[in-house]
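Peer 1: Which chain is which? The protein sequence lines are A, B, C and D, in order. Heads up: the first sequence begins at 1 in my numbering, then just goes up one per residue. Heads up: the second sequence begins at 1001 in my numbering, then just goes up one per residue. Heads up: the third sequence begins at 2001 in my numbering, then just goes up one per residue. Heads up: the fourth sequence begins at 3001 in my numbering, then just goes up one per residue.
The set of hints was computed from the structure by calculation and includes no laboratory data. Please read these numbers as outputs of a predicted model, since none were measured by experiment. One or more of the hints may lead you astray.
The calculated lysine-lysine pairs, modelled on DSS-like cross-linking and capped at a C-alpha distance of 30 Å, are [what the hints assert, rightly or not]: (1) C:Lys2611 - C:Lys2584; (2) C:Lys2479 - C:Lys2390; (3) B:Lys1076 - B:Lys1332; (4) B:Lys1409 - D:Lys3183; (5) D:Lys3184 - A:Lys89; (6) C:Lys2473 - C:Lys2392; (7) C:Lys2030 - C:Lys2595; (8) C:Lys2392 - C:Lys2479; (9) B:Lys1409 - B:Lys1076; (10) B:Lys1048 - B:Lys1332; (11) C:Lys2595 - C:Lys2611; (12) C:Lys2302 - C:Lys2390; (13) D:Lys3156 - B:Lys1409; (14) D:Lys3125 - A:Lys89; (15) C:Lys2611 - C:Lys2392; (16) C:Lys2708 - D:Lys3125; (17) A:Lys89 - D:Lys3099; (18) C:Lys2302 - C:Lys2595.
This is what each chain is made of:
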Amino acid sequence: MVPISTLHYLIVAAALFVLGVVGVLTRRNLVVILMSIELILNAVNLNLVAFSRMWGNLHGQVFSIFITADAAAEAAAGLGILIAFFRNKETVNVDEIDLLKW
Amino acid sequence: MPDFVTSYLGSTLTPGEAGNQFWALVYVFVIFAGVSLAVMSMNWLERKALAHFQIRLGPMRTGPHGLLQPIADAIKLLLKEDIIPAGADRFVFWVAPLIGLLAAFTVYTVIPFGPSQAVSDMNIGILFMLGVSSLGVLGVVVAGWASNSNYPLIGALRSSAQMVSYEVAMGLAVVSAILMTSLNETGTGTLSMIGIVRAQQEQGVWFIFKFFPLGLIAFIVFAIAMVAETNRAPFDMAEAESELTAGYHTEYSGLRWSLFMLAEYAAMISVSSIAVTLWLGGWMRPFSRLLRGSAWDLIFSLFPAVTFMGLAAVAFVGVVRMPRRSDFKVQKIGLAVFGWLLGFIALMLLIIAIAGRSNGAAIPSTVNQSIGYIYWFLLKVAVFMYLFIWYRATWPRYRFDQLMRVGWKVLLPISLTVLVATAIVGILLS
Amino acid sequence: MLFLNHVYLLPIVPAVGAAVMFFFGRRLRKIAIDTVCIGVIVVAFLFACVTVAEYSSFAHGTGQAFEKIVYTWLGSGDAQLASAMNGGAHQTFNADAGFLLDPLSCVWLLFVTGVGLLIHIYSTGYMAHEGGYYRFFGYMNLFMFFMLTLILANNYMMMFVGWEGVGLSSYLLIGFYFHRHSASSAANKAFIVNRIGDVGFVLGALTLFYYLGSFRFTDINALARSGRFSIGDPVLSAAALLLFVGACGKSAQLPLYVWLPDAMEGPTPVSALIHAATMVTAGVYMVARSNAIFVLAPGAMKTVAIVGALTAIFAASMALVQNDIKRVLAYSTISQLGYMFLALGVGAFAAGVFHVFTHAFFKALLFLGSGSIIQAMSGEQDMRNMGGLKDKIPTTHWTMFVGTLAIAGIFPFAGFFSKDAILWQTWTSEGGAYRILWFVGYATAMMTAFYMFRLMYLTFYSRVRMSPAIRDKVHGLSKSMTAPLVILALCSLGAGWLSWPQSLGGSARFEHFVEPVFAHEAVVLEHAGKSGQVSAGEKEAQHTDKAEYLLMILSLAAGAAGWGVAHNAYRNAGKDYAEPIAQKLPRLYGLLYNKWFVDETYDYVFTGRRKLGNVTLGALGVGEAASWFDTKIVDSAINDVGWVTRAASTLSAWFDRWIVDGLAVRGIAYLTLPFAYVARLFEWGLVQWYALIMVAGLIGFGVYYVWK
Amino acid sequence: MNSAINATNATMAPVATPYFFYGLATLAIVSAFLVITRRNVVHSALALIVTLLSVAGLYLMLYAPFVAGVQIIVYAGGVMVLFLFVIMLVNIDRSYKEKRFSGLWPIGLAAASALFTLFLFAFIKGRALFPDRMMLLPESSNTQQIAGLLYGDAGKMGQYTFAFEIASLLLLVAILAAVVMTKKRA
C-alpha cells in the first residue's frame, strides 16, 4: 500500500473544501450555509496541520488553533445574525434575504 | 504465553504508551465491565441510601436487602416494549442515547487508576476528557429534539444551556489546577492525567491544599459545576419531574432509557475521577510523605483487605439479624454466601499484601502496589458517589434562572479570580 | 511652614464643600449638609489661623510678602505683546495661579474666615426651615472659595477671578428666593451694576499691564516704588481712576451704590456676610492693595476721598428715614464704606483697613441681629410694626445694643477707635487740606448715631405696635443663632483695642502690623510734602496734641447727640408716632424717604424704564433707537436687496431647471444607465451570488498561479 | 513530562496505518456530503459532527493531539451545540415543503467542480512540491511546544503571543455582537 503522504491529506482537504463551497453556493438554508463555512474552515485547518507535519514544525498547528478561534467567533456572530433575522422575517432562507436587492 | 501478553507484564507504562493493543483491549473490557457493575451497584446503593435518609427501608424483597434489585431492573428494562413516539425522527431518536453513552465511556480511556493502570496516557489527557464529556450534551439535545414533544424539547434546551454554562466555570477551575502542575523547576506543566498526579507527587501536596485556599476554592467550584454538568440534584433542571415530567428522556423507555441512565452514572463516575485526579492526588495514598517507611507501607497496604473484611462483617451482621423464620432461609443463605465471597476476597487481598510486601517474594510487589493504587483511587471516587446521593437527599432543586445566575455570576467570576490569583501566587513563589 | 507653602489649598477647602453640595446636596439630610458646610469653613478658619501664624514667623514683622506661584493659568505662551515699558519692550502676557500673603491679606483672611464661620453657624438656625437648604450652603461655600481666591491672589487677573466669582455668588444668593420677582430683579440689578464697575477694573488692570508689563502686585509695586514714575503720571492716574470705578461698583460707592439696598432681598445671613462684612470691602481691599499706584496719582486720591465722604453722608441721610430694618442697615453699610474710602483717599490706608476690620464685626452683628428680629417677628421687616421686643429676645437686644454703640462710635467700642482714627487723619492730612471733608464725616457720625438709635428704639424700647397675632408668635431663638451674636458682640467690644491709639496710652498694634505694606507709600507722600498722612501709629507717636483729644470728645459728643435726639423722638413711639424730620422739614423728608429719587433718575437716564415725555433715554432708549434704525433703514435696505435677489433667482431658476438639471444632470444620468445595467450584475442582492463571484475570483487566482 | 516516556516514544511504532487514514477520510467526506444534501438540518448537523470528529482523528494521525483536542472541545462540544440550539429556536417545520437548493445551484455546482478540478491540476502539477517524507513530530510534548509558541518560554514573549491576544479580542467582540444582536429590544 502506498504510504500516506501530505498529498493524501491535501486531497481530502480539497474535497472537504469543495463540498463546503457547494454547500455555500447551493443550499437555501442559512444554517446549512454556516455549517458549510465550518467545513471550509476545517479543510483549511487540515491543510495547515498536514503542512505542519511536512515541515516538521508547529507553526501550522498554531495557525489552525487561531482559525478554530476564528470559526467559533464566526459561528457566534453568524448565528446571532441569523436569529435576529429570523425574528424579523420568520425565515432562514438565504434567497429571501433580499432587502438590498434592487 | 504469547509474547504480547508477557512482554507487557511488569511494564511501568500504560498499554497505550507501550503500544500493546492486546492489553489495551483487556483494560478497555475490564473498565467497561467495572463501570457497568459500579453503575448497577450505585443504583442499588442510591435507592437504599435515599430510603434510609428518608427513614424508609428501600428495596427489600428481591434478594437479601434487595441486593438483586438492579438485576431485576435490568431484566425488566430489557424486556420492556421499545416505544418510538409518532412524528419522532427515528434515526436521531435511536442514535441520541448512543451519543451520550459513547461520550461517557470514551472518557475512561485516560482515567489513571494507577501510574500505569490506564488505557493510555494521552498528552492532552484532561483536554480530551473535557472535550469528550462535553459531547454528552449533544446526546441530550438531540434526544430532546428527536422526541417531537414539548417537555423533552424544553428539557433539552435547559440542560444544554446548563451544561454549556457550567462547562465554562468547570474548565477554568481545571485550568487553575493545571497551572499548578507547572510549578516545578522546568516551568512546564502538563495536561496528561498521569502527569498531573505525578506533579502532585513531586510537589508533595494534593492540589486541594496547594496555595490554601486557592486550590480548595477551585476544587469547590469544580465540585459544584460537576454536579450541574451531570444534571444531578440539586441541579437536575433537565429532568425536573415536577415541571417537565422527566425532561429530555420523557419519551424514552426500556433499553434506550436505561442507556441514558447508564450514561448519567458513568458520567458521574468520570467527573468524580477528574476531581480526584486533579485535586485529591489520584492514586496516592494519604500522608504518603508524612507517614513513610516499610511499617507504614504495610499498614496502608492492609487497607483494601480490611475494607472487604468490614463489608463481609456487615453482611454477616445482616445474616444474624434476619428474622428466625423458615421463609427467610433462602435469603439468609444468599446473604451468607455473599458475605463469604467478600471474606474470600479480603483473604486474597490480605495474602497479597503480606506476601508481596518485599521484592523477590512469591507474589511480585508490583501487584501489591497496583492494588493499593486502584484501591485508593476508587475509595476517593466512592466518596464522591456517596456525596452525589447525599446532595440528592438533602437539597431542594434550584430554579432555572437561579441556576444560570449561579453559573455565570458566581462560579465563573470566582474561578477566574482563583485562576488569576493562582498565576500571581505561582509567579511570586517561584 | 507646611500650611504656608500649601496656602493654595486654602480656597480649595470651601470649594470642596460647594462641590459636594452641588453634586450630592439634594440627597443629603440637614445634619450632613451642616457637617460638610460648617466643617469646611472650620477647616478653612483653622487653616487661615495657622497660615497667618506661620506667616508672621516668616516675615518677622518686616511685612515681607510671601508669594507662591502654582502655575500659569492664563498666558500667551511665548507670544509677546508690546508694552509701553522700556520703550515698547515685549512682554509675555501671563497670569499665574499665584498666591500672595502679606499683612493686608492676613487681615482679610482672618476676618473673612472668622466672620464667615460665625455666619455659617448662624445660618443653620436661620435657614433651617427654608427650601433649598443645600443650595444655600453650596452658594455660601462657593462665595467663601471666591472670596479667599480674591484675597490671596497675587495678580490682578487672579483677583479678577475672585472678584467676578464673589459677584456671581452674590447674584445667586440675592436671587435665592428666585420665585419672588423682586428678588430676581434685585439680583439682576446687582449683577448689572457690578458689571459697570468690573469694566473699570479690567480696563485699569490692562492699562497697568500695558504700562508696567505685569499683573503681579509685587512687580507693579516694585516698579511703582522704583522712582521711575513721577507723581501725577497721567497713565497711572488713569489706571488708578479706572480701578476705583471697579471699587465703586463692588463697594457700592456713588454713583454705583444703588444695587446694595436692593440686595437686601436675599436671606439676612447673606446680607450680613456678603453685603456688609466681606464682599463689599473687596473694593477697599483692592484700592489698599494698589496703594503704590494710588500714591502716584494724587488726583485719583482726591477723587477717592471726595467720593467716599459724599457717599458717607449721602447714604447716612437716606438711612435716617427708612422704615425697613434691613434697608437702614444697608444704607448704613454704604455710609461706612464711604468712611473707609475717605480714609484711603486721604492716605490713611491703615486707618481705612482698620475700619474695615471693626466694621466687619459690628455690621455683621447688626445684620444678624436684625435677622433674629425678623425671624422672631415671623418675617416682618417694617420697624413701624415692631417695638417693645427688649424682653422677648433679650440676647438679641443686648448684643445689638453693643453693635449700635460700636457703630455710633461710643468709647470704648470698636467703632470709636476706627472712626476716630479716620476723622483724625482727615483733619490732619496735608496740613488740613481735607478739613471740609472732616465736617462731612463728622456730620455723618452724628447722623449714624441718630439712625442707629432710632432703629434700636423703634424695635426694642418703644411701645408694642405689632398686630396681636404676630405678638403671640414672637419667640426666642435657637442657640445656633444667638451664639454667633454673642461672639460678634464680644468682638465688637474688643476689636478696637487692637489699635488703642497711642494718644490714649495704647500701642496701636494693628497699625504696626499692617504698616509695612504702606511704609513705602508713606515715604513717597512725605517726599511730596504731604506729611501728616499715612500710618496712623507713626504719626500719633509724633503728634499727640490737644486737637486729637478735642476731636475725640467731639465725636463722642456727636454720638451722644444722635442718641439723645433719637431718645427724645422715639422713646415712647406708639402706633401713630411722628418722624421728627417729617414734622420739621416735610419736603426734605419726602426727598430722603424716596432716596433722593436716584433710582428714578437712573431709570430715566440710564435704563429707560421711565419715559421723559415721549422720549426714552438710557438702555431702552438706545434699544428703541436701534430698533427704529433696524426696521426703517436696515430692513428696507434688505428688502430692496431681496427684491433684486428674487429677480436674479427667477432667472437663475430657469437656467437651473432647463440647463443644469435637464441637460447636465439628467443627461449624464441617462448616459450612465446602460453602464449601470452591466454593473448591476455584480450587485445582485443575493448573498450566494456574491459567494459565487468570490469562488470565481478564487478560481482565477488559482489558474493564474498554476499556469503562470 | 519525564524523560523516560519521551525516550520510549521515539522508538514507538507510528499508529498511522493507511487503513485508518482511508477509513477516516472516507467517513469525513461522506458525512460532509451528507451535511450539504440532507433536507433536515439536524441531520446535517449530526453529519457535520461526524466530519469534525473524523478530522480530529486525522489530526491525531498527523501528530497534532492538541489541535485534535481543541477541535473536539470547541467544534463538537461548543459550536455544534450552538448550532443545534439555534436550529431548535428556529422553526423548521416549513423547510420540509420547501426547495432544498437555491435557483443558482447549477452555476454553483459548476463553479465548485471547476474549483476541485483546479485543485487536482494544481496537485498534479506541483507534485514535486509535496515530498513523500513525513517528519516525525514529538507527540508527547506537543502541547508544551505549542504553548511555547503561543505564550513564550522563560519570560520571553512567544512568537504568536500578540496574535493570540488579538484572537481573544476577536472572540470578545463576537460575544458582544451575538449578545447585542439576539437581545430582544423592548
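Peer 1: Please go over all the hints and tell whether each is borne out by the structure.
Peer 2: So, going through the hints one by one against the coordinates:
1. C:Lys2611 - C:Lys2584: Roughly 33 Å between the alpha carbons, so the hint for Lys2611 of chain C and Lys2584 of chain C is violated.
2. C:Lys2479 - C:Lys2390: Within the cut-off at roughly 18 Å; holds.
3. B:Lys1076 - B:Lys1332: holds, 25 Å
4. B:Lys1409 - D:Lys3183: holds, 19 Å
5. D:Lys3184 - A:Lys89: The hint holds at about 15 Å.
6. C:Lys2473 - C:Lys2392: holds, 11 Å
7. C:Lys2030 - C:Lys2595: Answer violated: Lys2030 of chain C to Lys2595 of chain C is near 41 Å, above 30 Å.
8. C:Lys2392 - C:Lys2479: holds, 15 Å
9. B:Lys1409 - B:Lys1076: violated, 44 Å
10. B:Lys1048 - B:Lys1332: holds, 19 Å
11. C:Lys2595 - C:Lys2611: holds, 19 Å
12. C:Lys2302 - C:Lys2390: violated, 44 Å
13. D:Lys3156 - B:Lys1409: violated, 34 Å
14. D:Lys3125 - A:Lys89: violated, 48 Å
15. C:Lys2611 - C:Lys2392: Violated - the C-alpha atoms of Lys2392 of chain C and Lys2611 of chain C are around 48 Å apart, more than 30 Å.
16. C:Lys2708 - D:Lys3125: holds, 12 Å
17. A:Lys89 - D:Lys3099: holds, 18 Å
18. C:Lys2302 - C:Lys2595: Measuring from Cα to Cα gives roughly 26 Å; hence the hint holds.
The structure is inconsistent with the numbered hints 1, 7, 9, 12, 13, 14 and 15, although it conforms to all the rest.
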